[in-house]
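There are 2 protein chains.
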Amino acid sequence: MAESPAPKRKREENEGENGAAGSHEEAPASDTFPLAELSVRRVLRESARDKTIFLHGQVKGASGDGSDAVVILEKTPFQEENVAELLTKYTKLQLQMSNDIYSTYRLFLPPELNEIKTTVVYPATEKHLQKYLHQEVYLIQETGEDYKNITLPFIESKSFSIQWVYNILEKKAEADRIIYENPDPANGFVLIPDLKWNQKQLDDLYLIAICHCRGIKSLRDLTAEHLPLLRNILKEGKEAIVKRFGIAGAQLRIYLHYQPSYYHLHVHFTALSYDAPGCSVERAHLLSDVIENLELNSQYYQKRTLTFALRADEPLLKKFQESERV
Amino acid sequence: MAESPAPKRKREENEGENGAAGSHEEAPASDTFPLAELSVRRVLRESARDKTIFLHGQVKGASGDGSDAVVILEKTPFQEENVAELLTKYTKLQLQMSNDIYSTYRLFLPPELNEIKTTVVYPATEKHLQKYLHQEVYLIQETGEDYKNITLPFIESKSFSIQWVYNILEKKAEADRIIYENPDPANGFVLIPDLKWNQKQLDDLYLIAICHCRGIKSLRDLTAEHLPLLRNILKEGKEAIVKRFGIAGAQLRIYLHYQPSYYHLHVHFTALSYDAPGCSVERAHLLSDVIENLELNSQYYQKRTLTFALRADEPLLKKFQESERV
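Chain order of the listed sequences is A and B.
For the first sequence, UniProt numbering assigns the number 1 to the initial residue and increments by one for each residue that follows.
For the second sequence, UniProt numbering assigns the number 1 to the initial residue and increments by one for each residue that follows.
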């Protein structure tokens, strides 16, 4: 899930110097996009799972002026109501493989039953192109030593701002959104809906528990002394969610991220049936596992190799590359 | 991703009482599945995100006997190399919406550039149908004792058939699909593309390493004595993949499932950038973590609480409910 094409509305840490939001250029509207005159420059991104591809093209010839375009192609979902028609009327089937009761085929359908959704951004600016550009991802195996020598100095050098977290904990912002609070300064936390969840349906339920205690940056800082805090989050978080939303603990996925997107300890609660972004094995650590590991060995997360993925444009990757650790 | 809407085209165990795939019977390979004579009974599941639909059908008429079939349709990913052709040669484009620089269209392609991957399970048993039917999911926390008292007796009582696995290991089926083999009976394995992957693009690369040694049911059976086997799979699997497909080890997600879908030890290799079904934290265990845990403690997976999700219709869930363990 490293490179989800879905919008990323989660909050991240903001680096002190916010040089982000570019200018507000606006381009003229075009009624008919001259697709046949598009020359494809490169593939910006694609997703085999979603059956989408993002292209950078240029429109030349009579109708174009060489302007850039982003063209997004997406295969369309099957429609229940015409699926019988698909299978019986028009089928051309080619056997690929057969083993026991299983076989696979290539099926060819007439175009009108198999359309492609096409989205065009034209003219597109460099900023649009960057937005859709795929980044390679690399797996890092961070030993305890790597954390001390590479990751920790990197985190400390960046002086990330997590003011928005403190605003929540101090009720200076979003106080009306808090679902539950245990106010204990050492072992307490605030439970709040994640921004990704609009709270309109339970299907994609997503909440975050943010601990009151400051200075616990991530999983790497946890020892047995944090067990009371972690047990509170697990137990009281589940209780608050069943009380407010009617979703039982057995239908929740409760986990930490490593690396997290901000370095103040927090725990994710998502509906188990929801294929939430960031719940894959190379990023998520079940809170129940974390508790059991700390019970067995207080130093588990100081010593243990932790695996995570970094995108090619992330500065931390460069640090690992410089140390020849990737 | 317990209840991933993603296609589950992987092969599962067939129960012993299943006439179709019990013991050593082999169902005759059907070169042409009589798709045109399939009557669709119902939609078992569909995913708008994945562009898949799972159908329960029956084959009647001249070529059929009324047997059930599961037919899985999945739109195929775009292929980078023919995308320019898609856009320039054959396009029929219909404007849907235009607003400022953004516009959307319906695009119609010739069938040969827009095929549907079709997987057929035929004849299918009630168990196959249930497997693909959408269900609620529940999280199980299985202690080492639970495994001995609930899960293991359940697995043993079912006498699952994994004849298709043995067919591969003995080169009775799919021999031409093998990417790599270490023939050692104790520490060797076969590496083969997963059925979910059509091998046409690397984006959703998916292979399976199946160990030669029989009797290792799952993660729960692993001890330090299996470290040579696991290290071979990790090292040689990566080497074979970079050699054949040019994908480096740092761009692979290598993991086991618990619970697995069949009880003969196997390891999944997927492209890290691919949001593969079944790679979420409540099911996947990174092979590198498994190796490190066994190095620290040979009994780790015998003693450890393991978390996994079960669907409402799975008989194992009922066993946990009867024991009041969920």
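No lab work stands behind these hints: they were computed from the structure.
Wrong hints could be hidden among the right ones.
One copy or two, either will do: identical chains are not told apart, so a pair holds if it fits within one copy or between any two.
Pairs of lysine to aspartate or glutamate, DMTMM-like flavour, derived with a Cα cap of 20 Å [to be verified]:
#  : residue 1 : residue 2
1  : Lys238    : Asp184
2  : Lys92     : Glu145
3  : Lys319    : Glu225
4  : Lys92     : Asp289
5  : Lys196    : Glu136
6  : Lys60     : Asp221
7  : Lys158    : Glu225
8  : Lys200    : Asp184
9  : Lys200    : Glu46
10 : Lys196    : Glu174
11 : Lys217    : Glu322
12 : Lys127    : Glu170
As the structure is a computational prediction, the values presented were derived from the model and not from experiment.
Review point. Which numbered hints turn out to be false for this structure?
Key: 2, 3, 4, 5, 6, 7, 8, 11, 12
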